[in-house]
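My request is simple: use the sequences and hints to build the entire structure.
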Amino acid sequence: DAGVIQSPRHEVTEMGQEVTLRCKPISGHDYLFWYRQTMMRGLELLIYFNNNVPIDDSGMPEDRFSAKMPNASFSTLKIQPSEPRDSAVYFCATNYHYGYTFGSGTRLTVV
Amino acid sequence: QQQVKQSPQSLIVQKGGISIINCAYENTAFDYFPWYQQFPGKGPALLIAIRPDVSEKKEGRFTISFNKSAKQFSLHIMDSQPGDSATYFCAARGYGGATNKLIFGTGTLLAVQP
Numbered sequence: 033d034a035g036v037i038q039s040p041r042h043e044v045t046e047m048g049q050e051v052t053l054r055c056k057p058i059s060g061h062d063y064l065f066w067y068r069q070t071m072m073r074g075l076e077l078l079i080y081f082n083n084n085v086p087i088d089d090s091g092m093p094e095d096r097f098s099a100k101m102p103n104a105s106f107s108t109l110k111i112q113p114s115e116p117r118d119s120a121v122y123f124c125a126t127n128y129h130y131g132y133t134f135g136s137g138t139r140l141t142v143v
Numbered sequence: 028q029q030q031v032k033q034s035p036q037s038l039i040v041q042k043g044g045i046s047i048i049n050c051a052y053e054n055t056a057f058d059y060f061p062w063y064q065q066f067p068g069k070g071p072a073l074l075i076a077i078r079p080d081v082s083e084k085k086e087g088r089f090t091i092s093f094n095k096s097a098k099q100f101s102l103h104i105m106d107s108q109p110g111d112s113a114t115y116f117c118a119a120r121g122y123g124g125a126t127n128k129l130i131f132g133t134g135t136l137l138a139v140q141p
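Chains as they are written, first to last, in this note's numbering: chain A, 33 to 143; chain B, 28 to 141.
To be clear about the criterion: a stretch of chain B counts as covered by chain A if any three or more of its residues have a C-beta under 8 Å from a C-beta of chain A, and this derived list gives those stretches: (1) 66-74; (2) 129-136.
Some chain A residues well away from chain B (every beta-carbon gap over 12 Å; in silico): (3) P40; (4) T45; (5) V51; (6) S98; (7) Q112; (8) T141; (9) V143.
In case anyone wonders, no lab produced these hints; they're calculated from the structure.
Don't be surprised by glycine CBs; every beta carbon is placed ideally from N, CA and C.
In structure tokens:
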């Protein structure tokens, strides 16, 4: 099993641009989570899905953030327009019963 | 609103010593308490976890101690090694599959000196 696969690993973009982060979950895992990690705020849950349906998006900071899971094999997190304060590492994690498996993350830098 | 408080923020331990990281929670509806280990440039990885019906769980050099009445749990790393140097996160999960989301502590940066 290749684990949770995220792309890109690194993204540098200019303020105002659209950014799309991608995640391929582990096959058979029915929950998918998007987290954001910063030094100041630690690991923050942004949104999570169960069987491709968004369950809780209360952690999404602003309307500039959106997430989709069109099928069990793929999810995206989009930021439009991006701002420098969005710079962080974004993790995707999947879960079946107990124990989350995290991807390696996408380090986003908005300049 | 932070529901899991973790301390210390950073910790320096000599090789062979015991590393102890503490967490406290407020929500009595939590039913699963994992610890995650994160190395630089990597995602957090599950290290060890405990359910509230037991007071201790041990896996190799890693032990979780759980005090349900005090709503506290801790991670003990025995015989700490330089390879254990990483950031450690405690977490807690609410009851029921519908609330299957982990709330993380703020993390502890552990440095084990050779």
